[in-house]
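A.B. asks: Protein chains in written order, with this note's numbering: chain A, 1 to 350; chain B, 1001 to 1325.
The hints are simulated quantities; they were obtained by calculation from the structure and are not laboratory data.
Note that the structure is a prediction, hence the values are computed from the model and not measured.
Idealized CB from N, CA, C, for every residue including glycine.
Incorrect hints may have been included.
What the hints assert, rightly or not - Residues from chain A that keep clear of chain B, each with C-beta distances beyond 12 Å, as calculated: (1) 31; (2) 49; (3) 68; (4) 103; (5) 108; (6) 144; (7) 152; (8) 161; (9) 191; (10) 200; (11) 228; (12) 229; (13) 253; (14) 329; (15) 330.
Said to hold, decoys possible - Calculated cross-link-like contacts (lysine to aspartate or glutamate; reagent style EDC-like; alpha-carbon spacing at most 20 Å): (16) A/35 / B/1313; (17) B/1232 / A/41; (18) B/1232 / A/40.
Here are the chains, one letter per residue:
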Amino acid sequence: MKNLYAIIIVGFILLTNSAQANKWGRVAGFEGLWKFSVGDDVKWAESDFNDSNWDQIFVPGNWDNYYSGYNGYAWYRKNFDVKSFPGEGSLMLMLGQIDDVDEVFINGVKVGQTGSFLPDFETAYNIERRYPIPDGLLKEKDNTIAIRVYDTAGPGGIVQADLLGIFFDNDVNLLSFDLSGQWKFSVFREKGINNVGFNDNNWAEINVPGTWESQGYDGYDGYAWYRKKFILPVELENQNLYLVLGRVDDFDKVYLNGELIGRTEYLDHYNRVDKWRAYQLYRVYKVPANKFQKFNELVVEVYDEQLDGGIYEGPIGLMTYNDAKILIERNEYDSWGNPVRALLRLFDIY
Amino acid sequence: MRTRISIILLLLIVNFGKSVLGNNTAEIELKGYWKFSIGDKMQWAEKNFDDSAWDDMYVPSRWEENGYRGYDGYAWYRKNVVIPDYLSEREVFLELGYIDDVDEVYFNGVKIGQSGSFPPNILTAYNASRRYRVPASVMDFGAENTLAVRVYDSQLEGGIVRGNIRLVFGMPDVVPDIDLNGFWHFNTGKEPDADASQILVPGAWENQGFNNYDGYAVYSKVVDVPASLLSKKLILMAGRIDDDDRLFINGQFVAETGEYYGTSNTDMHREFRNYFIPDGILKPGKNLIVLKIIDRGGEGGILEGNIGLITQEKFINYWQRRRKN
Chain A
1 MKNLYAIIIV GFILLTNSAQ ANKWGRVAGF EGLWKFSVGD DVKWAESDFN
51 DSNWDQIFVP GNWDNYYSGY NGYAWYRKNF DVKSFPGEGS LMLMLGQIDD
101 VDEVFINGVK VGQTGSFLPD FETAYNIERR YPIPDGLLKE KDNTIAIRVY
151 DTAGPGGIVQ ADLLGIFFDN DVNLLSFDLS GQWKFSVFRE KGINNVGFND
201 NNWAEINVPG TWESQGYDGY DGYAWYRKKF ILPVELENQN LYLVLGRVDD
251 FDKVYLNGEL IGRTEYLDHY NRVDKWRAYQ LYRVYKVPAN KFQKFNELVV
301 EVYDEQLDGG IYEGPIGLMT YNDAKILIER NEYDSWGNPV RALLRLFDIY
Chain B
1001 MRTRISIILL LLIVNFGKSV LGNNTAEIEL KGYWKFSIGD KMQWAEKNFD
1051 DSAWDDMYVP SRWEENGYRG YDGYAWYRKN VVIPDYLSER EVFLELGYID
1101 DVDEVYFNGV KIGQSGSFPP NILTAYNASR RYRVPASVMD FGAENTLAVR
1151 VYDSQLEGGI VRGNIRLVFG MPDVVPDIDL NGFWHFNTGK EPDADASQIL
1201 VPGAWENQGF NNYDGYAVYS KVVDVPASLL SKKLILMAGR IDDDDRLFIN
1251 GQFVAETGEY YGTSNTDMHR EFRNYFIPDG ILKPGKNLIV LKIIDRGGEG
1301 GILEGNIGLI TQEKFINYWQ RRRKN
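Sequences are here, hints too, so could you generate the full structure?
C.D. replies: Dropping the structure here:
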């Protein structure tokens, strides 16, 4: 049965991506020829490494198309320019599925890893690679991306991708207040974790949106907590607003200033298919004006059943009714023709 | 082995063979009269044994047709061959066609291969074409070399009966910096034994005295690594292993393929292993390489490939030459 679920999930990912063509504005496209070499050397991550005598292969595709039967380490490198910077935040590197493990560097800086290299090898061949790009890392010209891949057996490399490149989330334009970026993160349940004033100083930081698998929590399934403190802008005071948390894999409970304001979880009236669709749904939680303070603390408890986990896709932030309406009512359908967003109302508690 | 897989592998080998048997291939024909004696004495394997009193036997042929009608049992073949100097640095295979039923082959007194299993647990290999890799270390270039083939026939026709009989000198696709083809220590079980026996790598253990054995086994070898190589990135080309394996060097876990601790079948017996050795694992002088293997059915062991330690530079170059499309 587990395999069946996996197939259904992969199917969803593929179909959801095709429906998302308008959501993602392309900043740099990576389909085409890349520099490629078997072997492994940390120096190959550096932007000024001279790869002029490397081979070239087409990406995406199984590297066995060129290097038949090859198992082991290999690196991909590519130089690229960025046409336009749509703004800070919410730039997402998308690399599709990489078989088995990858580690990605942009301009010499590590931006993500999925799976685990030897000696504690763990494959991630069926996980979609999406890495948030830190602000300030990209230049207009002469950027370098370097990808270290380890393949233990069978097909290898950047094998399959619907979206391959760096993308900007157009939905970010709907936000009145952007909450993406660094959040506090922990996988340990603690007393008073949802309360105002809870001390999260020692917690790790994580980029939101982005799966936790891609940010050092490889293979983790189960509960995790995100915390964010923010000051409500004056122009948004005394308004009913919508807290948008993009998509979360799989379930979440959201607390604002210690009070539960929304949740998406495994409810009794879901059928099994609905349960497994939760990770597709946009979280748009209505927040009455009186629930906000000047200083606010937001806590999101996430439960992930398997594979990817976390607040993995934006937009993340506050929207007015009119903008949230655009997000909710935009047509988007899954593989069976069901509108993805119509289920939202099931979870709204106000 | 599953038939479909065998066919795929056969295709791979044929393709691979093409590149090896290109224009640069040399051969020494070995068809013709060999020295021959029935009986079985292990000193007949020796390079210096005087076989001048032995019969002459045409190879390939059935010994029944050459004066040994109705003979079943042990017999030995011997032949001297001069290998010219210019053929050093090649990848050498001894082809002996089809042998009925069981054989083991000595090159200058050193065993280089076996097919089937001798009494008391007889396993015929009459339908297997013999092709044995000859390690460079056993050959004398520019001098006379001695081949000795011990054969056991259990019934009906016997001997080196048909097929190509020759030494093939190919330009190797790749020459490892440290050649690890040849003998390794071998024992069944999960840990290395002090009194491990010797086994030829590559080659299924079924052909080397462990007929029908499925389960855990350990290959080990002490390897001298010169200081000049220690400063370089090295890769252990460990060949195609059936089924799953874990690599340890000097007692430290380095790499694995498949699920050594698992119980279900993987497809890893199709896969060639390239194990990158992290800095600081290999020491100057003697190093112990241990491959722990589990076989869950059919053939088992390090089945195929050019086994050795290679520098990353040479490894990249080798794969660039193999690139297609």
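A.B. asks: Each hint should be assessed against the structure and marked as holding or not.
C.D. replies: Results for each hint:
1. 31: About 17 Å separates residue 31 of chain A from the closest Cβ of chain B, which puts it past 12 Å; holds.
2. 49: For residue 49 of chain A, whose nearest Cβ neighbour in chain B is about 14 Å away, the distance exceeds 12 Å, so it holds.
3. 68: Non-interface label on residue 68 of chain A violated, nearest chain B Cβ at 6 Å vs cutoff 12 Å.
4. 103: holds, 14 Å
5. 108: holds, 20 Å
6. 144: It holds; residue 144 of chain A is separated from chain B by about 20 Å at its closest Cβ, greater than 12 Å.
7. 152: violated, 6 Å
8. 161: The claim holds: residue 161 of chain A sits with its nearest Cβ about 19 Å from chain B, beyond 12 Å.
9. 191: Residue 191 of chain A is indeed farther than 12 Å from all Cβ atoms of chain B, at 38 Å.
10. 200: Since the minimum Cβ distance to chain B is about 37 Å, residue 200 of chain A lies beyond 12 Å and the statement holds.
11. 228: holds, 39 Å
12. 229: Check passes; 42 Å lies beyond 12 Å.
13. 253: Holds, since 37 Å exceeds 12 Å.
14. 329: At about 47 Å from chain B, residue 329 of chain A clears the 12 Å cut-off, so the statement holds.
15. 330: holds, 42 Å
16. A/35 / B/1313: holds, 17 Å
17. B/1232 / A/41: holds, 11 Å
18. B/1232 / A/40: holds, 12 Å
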